[in-house]
Structures are given as C-alpha cells and as structure tokens.
Amino acid sequence: MSASAVVFYILSFFILGTGLLAVTSRKIFRSAIWLLFSLTGIAGLYFWLQMEFIAAVQIVVYVGGIVVLIIFSIFLTQQSGKDLPAPVRKRAIFSGSVVCAGFVLTCLLLRYPFRPLGHPVAGAGLENMGATASVGNIGAQMLSTSEYGYVLPFEVISILLLAAMIGCIVIAIKIKPEDK
Amino acid sequence: MSQVPLSHILIVSTALFFIGMYGLFTRRNMITMLMSVELLLNSVNINFVAFNKYLYPDKLEGVFFTLFIIAIAAAEAAVTIAIIINLYRNFHSIDVEATGEMKF
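Each protein sequence line maps, in turn, to chains A and B. So the first sequence is numbered by my numbering: it starts at 1 and just counts up by one. So the second sequence is numbered by my numbering: it starts at 1001 and just counts up by one.
Just so you know, these hints were derived from the structure itself, not from any lab. Every value quoted in this text rests on a predicted model; they were computed, and no experiment measured them. Backbone N, C-alpha and C fix where the C-beta goes; we use that ideal spot for every residue, glycine too. Worth double-checking, as some hints may not be accurate.
Unchecked claim - Quick partial rundown of chain B residues pointing at chain A, CB under 10 Å, derived from the structure:
1. Val1012
2. Ala1071
3. Ile1081
Kindly generate the complete structure, drawing on both the sequences and the hints.
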C-alpha cells in the first residue's frame, strides 16, 4: 500500500469518525466543533484529489462561514453547557437500523463497474488533471458564454444569494410591538 | 492516488451520507438538524469531485456542480439560521416538536 493510499484511509477514518461524533454528541457546542473537524477533513480529501481550488472554497465557505454562523446561532439560542435530550430509544434503534440497511444496499450497488461514457480520452491519465482543474481554466469556463459555459448559472446563483440575503433580513428583523 | 479505486471513495461518501441521515432522523434540535444537512451536502460534493476526477479527468463539470452546491448550501444555512432566530424569539425553544403552530 503506497503512501497516498495510507493518507486516503487516514483521512476517511477522520472524516467518518468526526462526522459520527458530530451527529451523536450530546453537547451542542462540541457537536459543532466535531462538524468543523469533519469539514476540514473533507477539504483535506479535496487536496488529496488534487482539487486545490475546491479545497480552498470548502475551507473558506464551510469552515470560515457556515460553522461560524452555526456557532453564533448556538450562542444566541442555546444554553451550550446543558446536555441535549437523548434521542428516544425506539426512534434511535429504528433510524439506526434503517440507516444501516440503506448503507448496505448502496454498497451493493457500488460493485457496478463505473466507466466513462463514449470513447475514452487518449492517454487519460489521472496525472494530466492538474492542468485541467487549474483556477484559470475553472474561471474561464465559468464565465464563458459559448457552449459548455456556465455564465447563466453563475448569474442565477448571484440572484439567489441576493434573494437569500434579503430574505434573511426580512425573516430575522425584529418588529416593534406597537407596529404589529 | 491512482492506487485507491473509485469505489472506496464512493463508500466513504455513502457512509457520510448515512451518518448525516441518522443525525437528521434522531436529532430534534433545529441547529443539529442543520449540521446533518451540511454533512449530506458534503457527501454529495465528494461524489461529484471523485467522479469528475476518475472518469472524466479532462472535463470540469463535477467541479462546477460542487461549486454551485457549496454556494446554495451557504445561502440555505443563512436562511435556516434566520428562521431559527425567528423561531426562538417566538417560542423560546428551537426544538421542532415544541413548535406546534406555523403562524404567529
């Protein structure tokens, strides 16, 4: 087993272990911190796949944005020292068995040999990916208006982010009692 | 990284998906449910990137789907937290079973 395979298996156990702790921990703040570790491990997995730009986006948006937002809302709404109530035993057993069954079924499906459609790329090594997934190529294709360009989804998602921002302000705004 | 077959990465993302599913089923606090949803979205992102990397190494479609999913997840988290704060202001609890009415 080569060194990169060892790195992959260590990263996978890290991601899955911290993810499991994030959904089972009884203290909500610890749960958020375990989620942060899990998301950082996923960023490490993207680095391992040589997708440096996605790893950077993952760290900036998830670790720097979403987890910080979650921690803010924990401090605003919870007594973070208190334990969360334990899940109902019947529900925990039921959902655990359903989840295990789903996992086994999906793993049976994964024996299907995945192959690319159409003709294989000549000399399709995993090594020449580094040039393709560079930030320059990603930016050029994202803003290109020709075929296979992603400028329309890019604009749509900017409208979506604006709508989400206005919606957040409208939802969370405090209405004074005399205005009601 | 060519020593690791694609199916191992898919098994990792499947396990992460079902871990998030377990959290979504058992937790009844809105913030922890939001964390489970983030785990689900991340497992999907791993799938997109792995398929792009292993099957179509000369294309970028999986990268774009991942980027758009990350952007939508950020918007979704912001809206969810606004809803959580509004809910806490009205019910003094963010347990989904403590909120019996939709209109305030």
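### Query
Hint numbers the structure violates, sorted upward?
none
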